[in-house]
Every structure is written in structure tokens, then in C-alpha cells.
Amino acid sequence: MPSTAEERELLDELRELLAATVEDLSVEEVGPDSSLKDDLGVDSLAMLEVIAAIEDRWQIEVSQEQAERLTTVRQIAAHLSEAVAAPAGGTA
Amino acid sequence: MSPRHAAAPAPEERAAVVTGLGLTTALGGDVPATWRALLDGACGVGRHDFAPPEGPPQTYLAAPAAVEPGTVLPPAKAAHCDRSAQFALVAAREAVRDAGFEEVSVLAASGSRLAVVVGVGLGGLTSILEQNHRLRTRGPGRVSPRTIPVMLPNHPAAEVGLMVGAKAGVHAPVSACASGAEALWQALGMIRDGRADIVVAGGAEAALHPLALAGFARLGALSRRLDDPEGASRPFDADRDGFVMGEGAGMLVVESAAHAAARGARVHGRLTGAGITNDSHHVAQPAPGGTGCAAAVDLALRDAGLHPEQVRHVNAHATSTPLGDLGEARALEQVFATCLDDVAVSATKAAFGHTLGAAGAIEAVLTVLALRDRTAPPARSLERVDPEIGLRVVGRSPAPLPPGPLAAVTTSMGFGGHNVALAFAS
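If you read the protein sequences in the order shown, they are chains A and B. Take the first sequence: its letters are residues 1 to 92, numbered as in the working numbering. Take the second sequence: its letters are residues 1001 to 1426, numbered as in the working numbering.
Hint data in this document are derived by calculation from the structure and do not stem from the laboratory. This structure is a prediction, so every number in the text was calculated from the model and none was measured. We treat Cβ as the ideally placed atom computed from N, Cα and C, and that holds for glycine. Just to be clear, a hint being listed does not mean it is correct.
Unchecked claim - If you only want the chain B side, here are some residues facing chain A, beta carbon under 7 Å, derived:
{"#": "1", "residue": "A1076"}
{"#": "2", "residue": "A1078"}
{"#": "3", "residue": "P1145"}
{"#": "4", "residue": "R1380"}
To be verified - Just a sample of chain B residues kept apart from chain A, beta carbon distances all over 12 Å, derived:
{"#": "5", "residue": "V1072"}
{"#": "6", "residue": "R1097"}
{"#": "7", "residue": "R1142"}
{"#": "8", "residue": "V1143"}
{"#": "9", "residue": "R1192"}
{"#": "10", "residue": "A1238"}
{"#": "11", "residue": "L1299"}
As the list claims (entries may be wrong) - For each label pair, taking beta carbons as the anchor points, the in silico distance ranges come out as:
{"#": "12", "chain 1": "A", "residue 1": "D39", "chain 2": "B", "residue 2": "A1051", "range": "25 to 31 Å"}
{"#": "13", "chain 1": "A", "residue 1": "A78", "chain 2": "B", "residue 2": "G1111", "range": "19 to 25 Å"}
{"#": "14", "chain 1": "A", "residue 1": "D39", "chain 2": "B", "residue 2": "G1305", "range": "55 to 61 Å"}
{"#": "15", "chain 1": "A", "residue 1": "D39", "chain 2": "B", "residue 2": "P1405", "range": "32 to 38 Å"}
{"#": "16", "chain 1": "A", "residue 1": "Q66", "chain 2": "B", "residue 2": "A1051", "range": "34 to 40 Å"}
{"#": "17", "chain 1": "B", "residue 1": "A1261", "chain 2": "A", "residue 2": "D24", "range": "46 to 52 Å"}
{"#": "18", "chain 1": "A", "residue 1": "G41", "chain 2": "B", "residue 2": "A1051", "range": "58 to 64 Å"}
{"#": "19", "chain 1": "B", "residue 1": "R1138", "chain 2": "A", "residue 2": "A78", "range": "23 to 29 Å"}
{"#": "20", "chain 1": "A", "residue 1": "S35", "chain 2": "B", "residue 2": "G1070", "range": "27 to 33 Å"}
{"#": "21", "chain 1": "B", "residue 1": "A1214", "chain 2": "A", "residue 2": "D38", "range": "28 to 34 Å"}
{"#": "22", "chain 1": "B", "residue 1": "P1402", "chain 2": "A", "residue 2": "D24", "range": "48 to 54 Å"}
{"#": "23", "chain 1": "A", "residue 1": "E82", "chain 2": "B", "residue 2": "G1416", "range": "52 to 58 Å"}
{"#": "24", "chain 1": "A", "residue 1": "D38", "chain 2": "B", "residue 2": "P1405", "range": "58 to 64 Å"}
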């Protein structure tokens, strides 16, 4: 799947956020299709922190049901581009 | 083989030696920087503004850390820790490397015989208040999922335990400003009991927050010498008027003499005795005459098999409060009555403030360094020793310690009546 410049920028930003939030993880290790749990070692507590960091960074709310469906970096990026493009009542 | 079933080790093998040292203070981010600055007469106290989330800033005297711990730890690790645990990790990492374990993982291989004891005073205060602010302004859904682990008083101990892979036990003594010293008391016991071969022990504190500062100010405990920051923390001085809050951590690798010898470790000094008492007198004031403190020093000396005349150096708790310093002076005058002029008393909080739960451990590191380098560190702010106090307080210049075998004592006291004394030997 070819990605636009905008998507790549979002992916890069996400990779940096993950590296800054998850211990012992570098930006280089985070690929767009990395599985958060299986490839990046994001356990349940770390996942809560990743979601909290995303909520703070993009000023959105991610419900638990939504969070459970986000298993790869690309899925998070797709969710973000939707949620940020159409902030349904989401305010800072 | 469990030590409980082993033949009792010979007393000499059960002795505890210090093989690693770590510090982060207002004077420097590690042991060499702190020790050099201390001997040079540097002072880490300044005027700083502190503002609560919604409220005007207030100027206080404070001694913030010279090196931000977040700049020397992996970013994700730092983000997951209260500042107190960040300091603990920085100092523990230095101590472990200093003990000859270049890679922390090498140390973890001996995990089942490795323990950690790290005390705090106020603990995760800053994180608690930050998350409380998020709760109030943004709702429960925006509170950090790590709120609970980082607010617990065992948080720095647990983080250090994880870093080094300690499986023989991780403990967090809490005795206010005596916590760091109590950690070493406990470490000594673990080595002697055979529970561990190596204990990474110390204390950490990061409570430079407007609430803690206001609380201590309301108690009348802080110096009001805002126009003279570098002269504000002046323990044992006739014009002392309170302490200056600092922050940081001190960490020691305490090891059984047998284990250290077997791996050919360099030994900085020996932890030869420890004593603990409680005043049972008042929640915040020392017992009159420093009787509880004197009893703790007596116990430590007896535990170490020392006569008072063999002690040449004391690193005193000496926070610079009028009552506290006087009580401690009475205690030391009593214990060392026959040799007062031979004991060089250092009051190092003059340079980096009162680091609360870290103080006892930071000062234990400094005591080991004083013995190693035969130099009692100075207190540049000292102008005139209180005429009520009969101690030989080291003033503006470092005081050389005599040749030959050396012994030293360091004291710590905390709200709640805690008294801890530790005895070290060269």
C-alpha cells in the first residue's frame, strides 16, 4: 500500500512517540506493520501509556473498545488520521 | 545452597565492605563532580521560584540537582519514573559500575544473592500532586495509568531492583529524613545474616515542590536568609535559622567481604556498625539533650567494636535548624566527651542542602570518601560556631585526617523521632 507524505509524517511521529513511551524501544525498531504486542513488547500497562500519550499529543479521546482494535502502528495512524481530521466534539 | 543451611561464615567473611559509590546532588551529577565541588567549597543553594499549577510563584531557597536526571536516563525510563526514582537510578547505575560491574546485566546474573534497599522521605509527592491536578482539571480518564506504582514509597527501590535484577529482596525503609541511613542499617544486617552477597543500598528524594516547601516553611523549619543563598545553610553556626531543601540520591554497593575478595573487587571502605533508636518524644522535635541520637551513636560504635577515641571524623546530620543542631551537638559532645578535639565534624548540608530521605545515604557516601582521601569536607558558610556548641566543626577549609587506621560515624535523624548512626572504617 503506497502511503502519502502526510501518512508517512504521521507514522514517523508515531514511531517517535512509541520510542519515547515504551522502555527499551528505539525509533529504528518500530516499523509501520510492527505488532505492538508481539514485535514491540508493548504490554497492557505500556499500551495504556501509549494511548494516554496519543490522547495528550493529539487532544483526542480513544475509547477502550477503539484501543483494543489498534494492534499495529499503521492501525493507530489510520485511526488518528480519521479522528484528527474529524474531531467529533474533541476539544483541547 | 541456602545460607540458612550453610555453616555459619566466619565473622570476617560476614563483614560488609563498600565496593561502589554513586551520587547525584546539587553539586554534581556523580561522585567525582560532587566530591570535587564539595572540597572546593562550592555551594548549590540558590533562589528559585516555585509555582503551584494555579497560583502565583513564590521564591524559596533551594538546592536543585546539578544534572537533570531525565537527561542521563533513557527517555522512556525517565518518563515512567517519579523524579525520586530517576535520581535513585542515576546514583545506583554509577555505584554498580563503580563496583566493577560495567554491564548491569552481569550483576543480575547473581540476582538470587543480590538485594536492594532504597529509602525515601516524601517519596512520590510530586507525581501524586501532578496526577491530582490532571484528575481535577481533565477528569479520571486522563490520569496516568502509572499513577499508583510511581506514588508508592517503594517506587525508587523497585526501579533500582528491576535495573540490577535483585531477587534476594527489595526493601524501602521509610523513616523520614533518616530513611537513607536506615537503608544502610538494613543492608548491613542482610550481609551479616547471609541473606545477600551484594546489597545496592541508599536513599533518594525529589520533593522540591511548592507544597513541600510551603509545608516546611509553615513549620518554621526553612532558612529565611533569602538575601544570602550561599550563607543560608550554615549548620552549627551561631546565626543558623533553618535548613534549605535539596534533592538527589546517594547509593552504595555493600558487599560481603568474602564475596568482594573472591571477585577481586576494589574496596573503598568498610561498613562496620549501625545503630537505630527512637526518641519517642515528639513527632517533629528531637528529644532534649539529643539523648536518642547519642544512644544510636553508642549502639553503632558498640556494633562496630569501636571506642569513641578511635573515631576521627563525623559527618553530622546537621541540617542548620536551631534546635536540631543543638540536640545533635549535645549527643556528640556526650559520646565523644573524652576526645572532642580529635573528631573533625563535617556538616555537608551547608553545600547541597537537606536532601531529606536521601541525606543519610549521600552523607554515607561522603563519609566513605572522607576516610578514603583522609579529608574531612568543609562548610564554607560557617562563620562562627555557636558558642553553645563544643564540637570541632570543619569550617571553610577541608581538614586533613591523621594517618593510620581511620574510623568515622555519620548520623541521621527524621521526623517521627528516628535516629540512625552508621560506623565506617578505612
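Against the structure, the hints:
no. : hint                          : verdict
1   : A1076                         : 5 Å, holds
2   : A1078                         : 10 Å, violated
3   : P1145                         : 4 Å, holds
4   : R1380                         : 41 Å, violated
5   : V1072                         : 16 Å, holds
6   : R1097                         : 19 Å, holds
7   : R1142                         : 7 Å, violated
8   : V1143                         : 9 Å, violated
9   : R1192                         : 35 Å, holds
10  : A1238                         : 51 Å, holds
11  : L1299                         : 42 Å, holds
12  : A:D39 <-> B:A1051: 25 to 31 Å : 43 Å, violated
13  : A:A78 <-> B:G1111: 19 to 25 Å : 43 Å, violated
14  : A:D39 <-> B:G1305: 55 to 61 Å : 58 Å, holds
15  : A:D39 <-> B:P1405: 32 to 38 Å : 58 Å, violated
16  : A:Q66 <-> B:A1051: 34 to 40 Å : 36 Å, holds
17  : B:A1261 <-> A:D24: 46 to 52 Å : 35 Å, violated
18  : A:G41 <-> B:A1051: 58 to 64 Å : 38 Å, violated
19  : B:R1138 <-> A:A78: 23 to 29 Å : 26 Å, holds
20  : A:S35 <-> B:G1070: 27 to 33 Å : 29 Å, holds
21  : B:A1214 <-> A:D38: 28 to 34 Å : 49 Å, violated
22  : B:P1402 <-> A:D24: 48 to 54 Å : 50 Å, holds
23  : A:E82 <-> B:G1416: 52 to 58 Å : 55 Å, holds
24  : A:D38 <-> B:P1405: 58 to 64 Å : 60 Å, holds
Figure legend: structure checked against the earlier numbered hints; hints not met, in rising order: 2, 4, 7, 8, 12, 13, 15, 17, 18, 21.
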